[in-house]
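*Asks:* All chains should be modelled from the sequences, with the hints used to inform the complete structure.
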Amino acid sequence: MTLDDIRNLTGMHIDILREIGNIGAGNAATALSMLLNKKIEMAVPRVQIATFAEMMELIGGPEQVVACVYLRIEGEAPGNMFFVLPPEQAERFVRRMIGDDSFSFQGEAHELGCSALQELGNILAGSYLSALADFTRLNLHPSVPALAIDMIGAVLSFGLLELSRAGDYAILIDTAIYDERRPDESINGHFFLLPDPDSFSIIFRALGVDGL
Amino acid sequence: MSTAQAVKIGIAEMEVVIAPNVIRTCGLGSCVGVVIYDAGKAVAGMAHVMLPHSSMARGGVINAAKYADTAVEALAQLVMAAGGRKGMLKAKLAGGAQMFSFSTAGDMMRIGARNVEEVKKQLERLHIPVVAEDVGGHSGRTIEFNPQTGVLSIRTAAQEIKEI
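If you're matching them up, the sequences are chains W and Y in order. Heads up: the first sequence begins at 2 in the working numbering, then just goes up one per residue. Heads up: the second sequence begins at 136 in the working numbering, then just goes up one per residue.
One thing to keep in mind: the hints can contain errors.
[To be verified] Label pairs and their in silico Cβ distance ranges:
1. Y:A293 - W:D102: 19 to 25 Å
2. W:D135 - Y:V265: 40 to 46 Å
3. W:F106 - Y:A141: 49 to 55 Å
4. Y:H188 - W:M13: 32 to 38 Å
By construction, these hints were calculated from the structure, which means they are not laboratory data. From the three backbone atoms N, C-alpha and C, an ideal C-beta is built for every residue, glycine too.
*Replies:* See below:
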């Protein structure tokens, strides 16, 4: 995104992006609630507009290690979607899913655990995307999910590559999901949606608002 | 006397430091961290490069630090402006990993390797030798360069600190 694109954003545009986060992550939180059989809350989505370097700081610093499921969004409004959570929470999810309390990402041969986490990301991102597609009536579908457990800067920068060709700013739609009732088993995940530069106007027009 | 500072650069940024200060960048994935330094003058510059070529830009103002083909030369100029001597410059690099593996290998999947290739090509064009490198693989890296010692320290999430 260029500075001019950013300057052209109106309050209405920001509201739309926030609503997208709301609808998408709301659907994903419901899917997760059913999967884990517990109530999952969702925070008010944040629409972050910043340079790439600022963006890394806003999400907790580029060095922070996270478990991250990445999907490329294909179709009429392409972009990138990340489901990010602390590695120890990812481990807990996987233990529950595969019924093995000793599972750890540290050890060898965690192929089953990794596919379980990938599948979790697939289900959540899939529900996010299908809600988004219903809302905008755009044709959107996810790629096969990819998994990485590494520094957030290293994984998220991959989602900035398309944007970086068109300027030095990114618009990130960040929605957190959490479970407050069980602090010992708390879940605190983030959905990051990073539409490609051209997708913003397509999304806005699909919802009857002038593009950038 | 001022105390030594660690100057931090972000993605698509570059900066120069003079000893005793050190320079670092965090969370390199497919991006490449390039260091150009003059050991005799204890001056060093670092760039956090995102993309191989400025021809990939879709118009607008080019941020030189973002593209390998523009960053290397701009960085060498910055280092020389800070006292580095042409002909005495050396380079070290790290990064260029492939963070995700997909079955469909698109153009962007190989971006790390392409970044490394272009950085090396530009360094060769400017006759700046690459004296050490830690590139490729599948892990993110945080790097710090000390112009006093000429050592580049590399940290990954899973392994111990490595010095090159």
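*Asks:* So which of the earlier hints does this model not fit?
*Replies:* Failing hints, ascending: 2 and 3.
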